[in-house]
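As a plain string of letters, each chain reads:
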Amino acid sequence: MSRKFLSGNEAFAEGIRLARPEVISAYPITPQTIVVERLSEMVEDGSLKAEYVHVESEHSAMSCAIGASSAGARAFTATSSQGLLYMAECLYYASGGRFPIVMMNADRSTALPWNIYGDQRDSLSQLDSGWIQAYAENAQEALDLALMSYRIAEDKRVSTPYMANLDGFILTHTYETVDIPEQEQADRFLPPYETDNRIDFDSPKNMAFSAGPDTNFIFKAKAHAAMLAAKDVIKEAEEDFASVFGRRYTGLTEDYLTEDADYIIVTLGSIAGLCRETADKLRAEGIKAGVVRIRYMRPFPNEEIASSLKNAKAYAVLEKDISFGNEGTVFTNVNSALHKAGISVKGYNFIGGLGGKNISAGDIENIFTSIADGTDTVNIIGAGGIGNGK
Amino acid sequence: MANKTAESISSEEFFYGHKACAGCGGSLAVRAALKVLGQNAVSVLPAGCMSAVGFNFPQLCFSNNSIISTFAGTASMLTGVEAGLRAKGYRDFTAVGFAGDGGTADIGIQALSGAIDRNDDIIYICYDNEAYMNTGIQKSGLTPYGAKTTTTPAGKNIHGNIRPKKNMFEIVAAHGIPYAATASVGYLPDFIEKVRKASQIKGTKYIHVIAPCPTGWGVAPDATIDIAREAVDCGLWYLAEYENGEFRLSRRPKEFTSVEEHLKKQGRFRHLTDEDIKIITDSRDKKWEYIDRTFSL
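As they're listed, the protein sequences go chains A and B.
Just so you know, we're using my numbering here: the first sequence kicks off at 1 and counts up by one.
Just so you know, we're using my numbering here: the second sequence kicks off at 1 and counts up by one.
In case anyone wonders, no lab produced these hints; they're calculated from the structure.
Honestly, I wouldn't trust all of these hints.
Here are some, though not all, of the chain A residues that point toward chain B, as calculated from beta-carbon distances under 8 Å [stated by the list, open to error]:
| # | residue |
| --- | --- |
| 1 | S25 |
| 2 | P28 |
| 3 | E51 |
| 4 | S57 |
| 5 | H59 |
| 6 | I66 |
| 7 | S70 |
| 8 | L85 |
| 9 | Y86 |
| 10 | E89 |
| 11 | C90 |
| 12 | A208 |
| 13 | A361 |
Calculated cross-link-like contacts (lysine-lysine; reagent style DSS-like; alpha-carbon spacing at most 30 Å) [said to hold, decoys possible]:
| # | chain 1 | residue 1 | chain 2 | residue 2 |
| --- | --- | --- | --- | --- |
| 14 | A | K205 | B | K286 |
| 15 | A | K222 | B | K202 |
| 16 | B | K88 | A | K205 |
| 17 | B | K35 | B | K88 |
| 18 | A | K49 | B | K286 |
| 19 | A | K205 | B | K166 |
| 20 | B | K197 | B | K88 |
| 21 | A | K281 | A | K313 |
| 22 | B | K166 | B | K286 |
We treat Cβ as the ideally placed atom computed from N, Cα and C, and that holds for glycine.
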């Protein structure tokens, strides 16, 4: 093991090197570009043996990855924002074909107005594309997700593509000390990709076919079941990861002081750290605050969230996203989890960080105190309540 | 008498039992090309006629490895298939794409340009039936001047399509591609030879084959070969190759047959006035002046 001072992008690239992808389709977009730059250097210096393809668009990046995966190769690409939206057709294609491609997405605002900074409207708009969606909090987790992603996606029970999301700039461009495992450890954790879902010269296949009304739903039901099966596979992978690398992750969510908490913020990505610090501060003042960090938006942690929030007096979902005409998408998903579990806790939605707007410690403290007092149900931080009244 | 061309290709069928319309030129091009390339061809077909008629689960009609790509993604998926198979250690295979005119000259031109730019080791075959036939005969970038389609109606004010075909052959050649060719299913041995030649060249290969669609062109199902042949004989299409930076004609008709007769046989051109036909004939003559000046024989 070695330690290096790396940005989130660089840490993810290191994780991908250890995962030994066989085909990389590369196209630049801020703030993801450093990932494909580093990978090109690794291919050049021989430390990564992969076909490195300079595609001419994100649509082709994913289309190429699908082709490579259909050949049985481990495929990787990375994108962000407009690029993710441009390749959106191919996201559904990859998941429908059950190709376990891994993609890093640098979470970034979507035009218009143009903006290169981080919010999560790009990836959250693709929740229904059939991809596993993970959200990293720091550079170490980014590297570790790169390794775990293939293990989870390629598991025969899952066979579903995997999108690892890093907050643009805040995580992609921030440097931290990162532990880099040895290749031997990585190989022990992640075996080569084996699949029957591939071109076979002994027994030729027709792949990515049409299926009419009589059979189409069966393929969709199977894809849904596979995504649900990923819940157990994620836990197994994290167990093995802990035994090989000594770092333990907590499944679909990560709880902080939720057991006796009266007021809980549910959030995702890099803002979770500041939420935990603020919870500590409020605890010192006698307010029982807690934090749930969602690590996976798909498969969605329905049971975990219900269990963490059931004894709270109120909760807030803090997210960098808005579904215009309704509310934040994460809020919708969290509310659904509670409703299905028959839990009635008052919930609030705080939308912040759009277009990279800073979310301060004061903002977070204000969320905790305002949900204790009661406030508008849906709020854009800095712009006030936009939903139903108190 | 022995048929040299028939003997040179596989007697196996690789595209069989599909539900293409009677007389489909596109399916003939696919069938013939796969008989040249054989069992180890991996075909990539975008959403379009050939995928719509061949890939309906559980009736799957390719006996070689085949996959549907996104409409825009024929070339980029070919790139991935080729790179993936090479990464897995395979050497003895041919990645071949079969895309229509819309899938090639319109929505797929960016990915095709990218693949040629990278010089990926693939064969890209455009079967050109001169409109979006799968969706019901709409104008594409390769619909010829004057043609009536369901989005270029022939009325009193506008006589069908008002723009000429894009010149895909020369667009592709302008990339400095290792090999490009034009062909017609009306001259099948020539097409088969060009596919064979392409399979022996490393890098990106492009073959543009005219493949009439009786349904869309308004001709009888048994007229496909004749009409595809006539398109060459009357000079509206030409058979050529581009290799080592040079254009070469595969066939120079001594005298062109009648453009008017050729057009009037087809329902899509029946509305054309004498003036329209003169525009088409003049543009043919201008094109051949250029060809005779710049292409070798």
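The hints, checked one at a time:
1. Evaluation of the A/S25 hint against chain B yields a held restraint, the C-beta minimum of about 7 Å falling below 8 Å.
2. With a least beta-carbon distance of about 14 Å to chain B, the hint placing A/P28 at the interface is violated under the 8 Å criterion.
3. Interface restraint check: A/E51 against chain B, minimum CB-CB distance 4 Å, threshold 8 Å, status holds.
4. A hinted interface residue such as A/S57 counts as satisfied when its beta carbon comes closer than 8 Å to some beta carbon of chain B; here the least separation is about 6 Å, so the hint holds.
5. Because the beta carbon of A/H59 sits about 6 Å from the nearest beta carbon in chain B, less than 8 Å, this interface hint is met.
6. A hinted interface residue such as A/I66 counts as satisfied when its beta carbon comes closer than 8 Å to some beta carbon of chain B; here the least separation is about 6 Å, so the hint holds.
7. Because the closest C-beta pair between A/S70 and chain B is about 6 Å apart, less than 8 Å, the hint holds.
8. The criterion of a C-beta within 8 Å of any C-beta in chain B is not met by A/L85, whose closest approach is roughly 15 Å, and the hint is violated.
9. For A/Y86, the shortest C-beta to C-beta distance to chain B is roughly 10 Å, which exceeds 8 Å, and the interface hint is violated.
10. For A/E89, the interface hint holds, since its Cβ comes within 8 Å of a Cβ in chain B; the closest pair sits about 6 Å apart.
11. For A/C90, the shortest C-beta to C-beta distance to chain B is roughly 6 Å, which falls under 8 Å, so the interface hint holds.
12. With a cut of 8 Å, the hint placing A/A208 at the interface with chain B holds, because the nearest CB-to-CB distance is about 4 Å.
13. A cut of 8 Å between beta carbons decides the hint on A/A361: the least distance to chain B is about 45 Å, and the hint is violated.
14. This hinted pair does not check out: A/K205 and B/K286 have alpha carbons roughly 47 Å apart, beyond 30 Å.
15. With a C-alpha separation of about 41 Å, the suggested pairing of A/K222 with B/K202 is violated against the 30 Å cut-off.
16. Pair hint B/K88 plus A/K205 holds up; C-alpha atoms about 17 Å apart against a cutoff of 30 Å.
17. A C-alpha spacing of about 25 Å is found between B/K35 and B/K88, which places the hinted pair at or below 30 Å, so the restraint holds.
18. A threshold of 30 Å between alpha carbons decides the hint, and for A/K49 with B/K286 the separation of about 52 Å lies outside it, so the pair is violated.
19. Of the pairs offered as hints, the one joining A/K205 and B/K166 is violated, with about 35 Å between alpha carbons and a cut-off of 30 Å exceeded.
20. The hinted pair formed by B/K197 and B/K88 meets the criterion: a straight-line CA distance of about 26 Å does not exceed 30 Å.
21. At roughly 19 Å between alpha-carbon atoms, A/K281 and A/K313 fall within 30 Å of each other, so this suggested pair holds.
22. Of the pairs offered as hints, the one joining B/K166 and B/K286 holds, with about 15 Å between alpha carbons and a cut-off of 30 Å not exceeded.
Of the numbered hints given earlier, the model fails hints 2, 8, 9, 13, 14, 15, 18 and 19; all others are met.
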